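*Asks:* Listed below, chain by chain, are the residues.
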Amino acid sequence: MKKWIGWTALATILVAVVTNFIMVMAIPYDIMDETMNKKFGALPRNMVFHGQLKTAEDRSVVRPSPDLLYSILLYDVSKNPIRITAKVPESYWSVSFFASNSDNFFVINNQQAESNPVELLLVGKDKPHPDAGNARVVVAPSERGIVLFRLFITDVQALPELAKIQKQAFCKED
Amino acid sequence: MAKPIKFLIAAVVALVLGVGIGYVTASPLVDLIFVSKAVKNGPWMTNLDIGSQQAGPYLRAAIARHGLLALTKSEAVYFSAYSDSDGQPLRGSCDYAIECEDMDAEWWSITVYGKDNFLIPNPQNIYSCNGNSLVRDADGMFRIHLSATPKEVNWLPSGNEESLSLTLRLYKAGNALLNDPAAAQLPRITKVKCQ
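Heads up: the sequence lines are chains A and B, in that order. All letters in the first sequence, in the order written, are residues 1 to 174 by the numbering used here. All letters in the second sequence, in the order written, are residues 1 to 195 by the numbering used here.
The hints are simulated quantities; they were obtained by calculation from the structure and are not laboratory data. No experiment lies behind these values; they were computed from the predicted model shown. Using N, Cα and C, we set each Cβ at its ideal position, and we do this for glycine too. Some hints could be false.
A few chain A residues facing chain B, derived, Cβ under 8 Å [to be verified]:
{"no.": "1", "residue": "LYS3"}
{"no.": "2", "residue": "GLY6"}
{"no.": "3", "residue": "ILE31"}
{"no.": "4", "residue": "ARG63"}
{"no.": "5", "residue": "PHE98"}
All chains should be modelled from the sequences, with the hints used to inform the complete structure.
*Replies:* Have a look at this one:
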């Protein structure tokens, strides 16, 4: 009897460890999926949506920064690559790419931008892509994910001018 | 009892209990591992693998839950504080002084959040202070007042939140900070009074 209890306990621990690991592995995918399909589900894919100043009413993403103007792009490169063009301000600006598991697989900031406006071509992994031209090629590890633009609000008076720059970011399918 | 029946019962018990334990412990374990692997600096903690493709499954899960779409350390370093410099939990019913000098970054900000990880509602819509917007004292220090009641300068409203937390964001942090975040000069959080 004791032997059976021992084996059952051991099997329980093994099942618990495997279940725990699977659950934990699934958390980032679930949260990204919820963010893309529920919180921002109404947004069309491959279009840049420009947000306003973050306030307490905003419940889209936890722990937002109220010092930044955010723009978001839900990418889908399952069919075609996308070309992203953005005006780069002098103050801090970055565009960061997140895979479906929430990894930040690429980021470029205002100091690293080779041109102004900057041009990026996002292509699916192992997918053919057209001539990039002046654009920097970024390979997406997952077909769907999120691109986030951040623009530092240097001071409130500069907000209208910064908002104009923010709105000069756009995306089109290649 | 016949052996096959014993085996079947044992397998069902192990499966049901194991799945249950694995499911229930997933979230607490993620938080526990996140805290245990964090770099500590006074009341502040961070993890330089945030956002990175090198982050393990437990850290990745923790970041997705508490700081989705966070940048990698080359772009930003995020420190969080849930307690003051004496180790006491941050509470909305207390006033705090946050004191710091210039920090080793292109720009930095301190944001206060409620228990739900969202910004705290207040009529003035003030949620953060950054190095550009703060008024410096005569001695060159920044002194931020984290309190429910308004202050004339450098006020960070804490609302009526039961518990608070702070995020210090350092964009384009310097190499000294990236190499040794535990030794960096970070803001001191001192409790002034409680209601």
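*Asks:* Confirm or reject each hint.
*Replies:* A quick look at each hint next to the structure:
no.	hint	verdict
1	LYS3	violated, 10 Å
2	GLY6	violated, 10 Å
3	ILE31	holds, 4 Å
4	ARG63	holds, 5 Å
5	PHE98	holds, 6 Å
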